[in-house]
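Chains U and Z supply the protein sequences, listed in that same order.
Counting in this note's numbering, the first sequence runs from 1 upward without gaps.
Counting in this note's numbering, the second sequence runs from 1001 upward without gaps.
Any given hint could be a false lead.
Said to hold, decoys possible - Derived lysine-lysine pairs resembling DSS-like cross-links, with alpha carbons at most 27 Å apart:
id	chain 1	residue 1	chain 2	residue 2
1	U	Lys668	Z	Lys1144
2	U	Lys274	U	Lys126
3	U	Lys106	U	Lys275
4	U	Lys656	Z	Lys1144
5	U	Lys147	U	Lys182
6	Z	Lys1144	U	Lys432
7	U	Lys95	U	Lys106
Hints were generated in silico from the structure; no laboratory data involved.
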Amino acid sequence: MPDTGIGASVRRTEDFRFLTGQGRYTDDINRPGQVHAHFVRSPHAHAKIKSVDTAAAGKAPGVLAVFTGADMAADNVGSLPCGWVVTDRHGDPHKAPAHFPLARDKVRYVGDHVAVVIAQTYVQAKEAGEQVTVDYEELPAIASSAKAMDSGAPQVHDEASGNLCYDWVLGDEAEADAAFAKAHHVTRIDLVNNRLIPNAMEPRAAIGEYDGGTGSYTLYSTSQNPHLLKLILCAFVLGLSENKLRVIAPDVGGGFGSKIFCYAEETVCTWAAKKVGAPVKWTAERSESFTSDAHGRDHITHAELAMDKDGKFLGMKVQTTANLGAYLSSFATSVPTYLYATLLAGQYTTPVIFANVKAVFTNTAPVDAYRGAGRPEATYVVERLVEVAAREMKLDPAEIRRRNFIQPDQFPYQTPVALQYDIGNYGQSMDKALEMIDYQGFPERRKASEAKGKLRGIGFSAYIEACGIAPSAVVGSLGAGVGLWESAQVRFNATGSVSIFTGSHSHGQGHETTFAQLVSETLGIPMENVEIVHGDTGSIPMGMGTYGSRSLAVGGSAIAKACDKIIEKSRKIAAHLMEASVEDVEFDKGTFRVAGTDKEKSIAEIAFTAYVPHNYPADLEPGLDETAFYDPLNFTYPAGVHICEVEIEPSTGETKIVDWVAVDDFGKIINPMVVEGQVHGGIAQGVGQALLENCVYDLESGQLLTGSYMDYCMPRADNLPSFRVGMTQTACTHNPLGVKGCGEAGAIAAPAATINAITDALGILSMDMPATSEKVWRLANQHAQAAE
Amino acid sequence: MPTVSMTVNGRAVTGDVEGRTLLVQFLRENLHLTGTHVGCDTSQCGACVVHVDGESVKSCTMLALQADGAEVTTIEGLAKNGDLHPVQAAFREHHGLQCGFCTPGMVMSAVDLLKKNPNPDEGEIREWLEGNICRCTGYHNIVKAIQSAAADMKG
Ligand code: FES
Ligand code: FES
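This is chain Z alone, in the form it adopts within the complex (with noise of 0.2 Å):
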């Protein structure tokens, strides 16, 4: 079996995989970091977007040996020290979140989407997030969310 290793959230990890092995269950089964989630087959619900190279991706559409020595960030590591990022501070604040499934990958987009854009309008976030399925809040509170933390991250 071929050894990938990478960088996950500041750590060095190396592991055993299949060729077919996908970076989400590289995550997920071999680091046991479970915050990433499957919610589809079909690359298409996003809640397993991590960042990979400081660029958000649907881990589940990549292969582990793809991510072989790059630098990821799963929902995990986000938080520094116990403090929420303000992407996930502001989804508290403005209920942005329900069950909490679709959650990791919402905001892991919406931090790639400030990071690109840091001044969306109502409309180019929900464009942003068509990647992102949710079920539950129908979308307004996360849109409000991330409204507020492009704010709070202008300082």
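This is chain U alone, in the form it adopts within the complex (with noise of 0.2 Å):
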């Protein structure tokens, strides 16, 4: 048998499909006797609607029909709703503005949803579309977060006054400011977590249909959590009884958080395939994924580090401004204080922190959880923070953090911001990063590319995460409308393969190839023998989806402890089988033997005598089939160090990444090289925010400016380096598995990095995402003026 368990490189079971041109994403999928969707969108970011005038597109050629908000108002369909509640600095929870699928009386972000038509081809939808008339009177629109604030600023909703969400705080103010009242230093930055769009490959896409003969609905969407998708929409917005409604999410073409959450295309599908008596189909068209997917990021920081007069870190202290957008997206307020804020202690023992949050509305899409989601913005402040402090203390930014390290005996780890790591090895990570990289090698590489004419600068990211949110009791306390458990059923034929069905969905990860690996080592039976079936409420009883790196540490862990209980009542029927106490039998690598004899039964037999039970214990069902639920004990902490090296072409301000090394702690890895992959893929994103990536609204008029691949510049092959991947580990302590997550490290840990880079290049403390080839020609122009 090849090497298919724990640890093996297993090359992946869905790429045929893939490869071959096989796969079956949304928009593949035609349904019979299915219609068209067009979505009429506001040219606005702030207007009210007068009027709906849908007469002349209603008759036009192959139109069946054309919705607007009233007509769902009339079949009382709700406001999307936002999952997560955020109580205030006062008590109080967060403003919630209605957010209905169809705007009612104003449109409040270009791309906002007014109307949908409904024809026999797309063409004839989009074509009678532009016959829709309405009649907006337009009013002014605030598309800065920085000034939605200010007194006078257009307001968004009336219930939000100030365009204020919430006003949010997590630690001590006063124990901060006598902390920093006794620092030798105090480190001051101003950032801005530059706002992006997440351009999964795929567009969103959603088929609704509605069944007359049994009253129920099928969706098929590009969803990264179905069950939750078919929660929302039944519960909140749709009114149906949740088993009157089956999501489909098949091959799914890229998340990255971005398909979370409940969108109105979908919702309006769905609700239509009824009123029209037909499926429904839509596709978004690309300009659509920029101005109606979800957006994320998009802070305006203000931080300070207090330190004694060796560079330790004495306390925190952080203001932020996160820009939540037009609407409140599916779990748009936790992502600025859950996600965020409990993740400034970083790897650090800095004592005290405190951190003030004000989420704001404004006249632009809604803002919710892309790749790291809060994360990756804590990081970036810190990892900021920390080399800035290291500039100015002039400590080599290795030895800053060295010095700040929680250390391994300091585990369990309770930070001052609600966290409590549970295990780590971070000087190791640094060790390993720093003889990756070479650094002692970097001053004469650095006068290497001086002797070029070049600029050459190299950067720290030592970064963590909290990934698997959990468990259902804290998040509760903390505000989630749901538990963060996960699902798994283990099926065992009686034939002896193995179906699994897992609330975890795949839509990159490989959870058909890892998933299979866990179930092959566990139980003892190949690979080819196990499938994994994922991403329908039909055939999988429940689940909460893939987001937050959660698939392995709680979907796994839900695998591992179903053929836990599959083992468990396989070895009572070979007990049976073999005429021994259950206490003598053993099981290892698929077989069970009664200890000190030669009797043995394999697991595929006692799959057989399960569902042909001829032969069979009395007081126990026949079958071989178990479901169970995990609920995490706490969050897993990922944590590691990018190194990034860079060369600067002071000529033309063009930044070239030369050097990339990533060490990371995943704990135990199922299989290095997908992990590897999904390490690779989020240093991209992160560089991707850092060098090229920038959503950028007319501050005026709240237009889109950056509304196709023509001005919002995704990261191509030639605008990044290979990357060199190590790996350090602790195993997770309180997950079976000892697995941690991998999917969102690199765009966590990569922002930082590079910006440190470059401005270590420059010879400047900081600067802005993106650094676009201008802004750094022309800071690299300053710097050698300012030279001379």
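Combine both chains into one complex, guided by the hints.
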């Protein structure tokens, strides 16, 4: 048997279908009799809808129906909810203005949904859309989060005065002030965490379908969490009984957070399917993805770090304004609070931290979780602050970090910002990264670059993240509206193969391989006999989906638990067959043995017996099919050190990443090839943010200026280097697999490492992302002039 | 409606299209060859790359009628008798795909590169891929896969 067990870089099972054009994404699916939806969207950032005239469009060729917000209101379709209640510093819940799938009286961002046209073909729907006449009364717009709270700023929602969604604090301000009073030196920075557009390569899509015979709906959707989508749509939006909606998320072409949320379009397709009596399909054009996918990041932050004379951190204060856009997307409120400020301790023993986050509404697309969700923003604050502190204190950047690292013997470590880290060894990752990059040799390399007229810089990022958000009771007490467990069903078939039904969803992560490896090793059966089923609420009992690097730590742990139940039941059957007592039956690599004898039965034989129970324990149910739910005891805490080395051509401002070393501690690893792939992809997204990507709205008009690949610069192959990935390992202490999660690390670590390297090369303390060639060129030349 | 005829993956096909129908729409909607993807509306992502008369082409940037009489190969036509093309095999071996959405275009593009330049260095591969966006892999393993396919194809 080839090595397919835990730790082997098994080539992916899912690849064959993707490589041969046989993947099945939502837009590849066509349902009998299907018709097509086109959304009429607001061209204005902020306007009153005085009237919508759909008469002409309704008569256009092929058109079945045109619906507006009034039609949905008449059917009592609800508002798209935000599932996390943040309590502000005065004890009040955040402001939660309604967010209707089709706007009712006002539009609040460019791309907001005004009407839907449903026609026989997409082209007909789109053409008819141009005949929908909307009478708008334009209102002044506010697109800048920096100015959103100014008096006199346009108000996005009447119920959120000053555009404030919440003013939230974490930590003790007085204690922090006391720590700062004793400081030898205080480092202060102002930074912007630039707004990003996620850009999964598969645009969002949906097909809603209604079966009049049973009164039930089916929704095909590009979702990272079909069960959660079903729950939200049924319980909050459409008012359906949960057994009347099946959500299928087939192959999904990347998500990065943007496909977690419950969106207007899929809601409308589901609702309209019954109205028009046919399946309703919608696929986003890329320009719609730009305007109406939930965006990411968009923070403005002032941060301060107090140190003693040796560079030991005494306290930190952070003040952030977070832009939430025009409406609250499904988990928007949690991102700049519980997924952000709780990570401000980083890898360090900073004893007091005070954070204040003001979240504001603006006339821009909703902002929600995007790869890393809050944690990249936190790491960027901490690691930029630490880097600037090192430069101001004239300390080596590796040394200042090392002086402040939480030491291996301090775990479990309670941070001042609510989290308890279970385990880690930060110094070890730092040592390994320094060795891999040849830190000693850096001055020589810098000299060599200078000899060629180039500027060389090195930048560090010692990041930490909290993954697999949990446990349910704790997140519930912090305002989460859902539980954050995962479920798995392990079903042996009578002839020895196994079907695994998991609530985790794969949209690139390779679960069909990694989960099969886990099951193959646990149950001792060949990997090809294991099938992984995901993405269909009709076949999978329950699920919470994939985000926050939770699939293996939470979903995999649920599978492991269900496998344990299978083994325990099988042991009873084996004991019966081998006429031994259960305690004497041992299980190893797929075989049950009676200790001290040569009697044995394979697990496949046991499965057969369970379904053909002719000779079977009297008190045992037939069948070998177990379900488990796993609710973690804590978050997991992947951490590591990334080091970036850049070379800048001062005459053009072109920044070349000449080396990248990533040393990550993800705990135990099932498939190193898949894990490294996740690291590469994450770094690319982080470097994209640092060098190229920037979502820009015109601050006057609220128009999106970066609404296509012409204006929004995605990282291409020639913008990136090859990466060198190393690993260290401390096993997570509280899940059965010892795993931590790896999907977001690269995106969390990379922006700070990149900007630290560029500012090092330029000999400056700070600059904002993205470090485009133009910006770098200006800074390089200012720097050159200053030096003259 | 005008009629268009072409050979797709070795099979003669004919269909009625509008003048504005794009080649990618003809492939996906008329022929149900959904392996060719659409990732943008500005001709930049490369998810739609196919071969027309042996050259890689963004099929969202060509009218179906322009391909009249042409020999078209899509991702579905690349593997022969169930055997992956060396570029497909190398993508699998080197984990050059994650979600798989950019993959058909990447593979078709890479096959054309290796035809034109059987021995590309890393820089040449990265430059060639400028018209293909992948959001998942960070390109590292795609580049590795193409390098290794080049070596395999030289045998
Ligand atoms: S679909 Fe994007 S380039 Fe053709
Ligand atoms: S593999 Fe997902 S976009 Fe390339």
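Against the structure, the hints:
{"no.": "1", "hint": "U:Lys668 with Z:Lys1144", "result": "26 Å, holds"}
{"no.": "2", "hint": "U:Lys274 with U:Lys126", "result": "21 Å, holds"}
{"no.": "3", "hint": "U:Lys106 with U:Lys275", "result": "24 Å, holds"}
{"no.": "4", "hint": "U:Lys656 with Z:Lys1144", "result": "20 Å, holds"}
{"no.": "5", "hint": "U:Lys147 with U:Lys182", "result": "34 Å, violated"}
{"no.": "6", "hint": "Z:Lys1144 with U:Lys432", "result": "24 Å, holds"}
{"no.": "7", "hint": "U:Lys95 with U:Lys106", "result": "18 Å, holds"}
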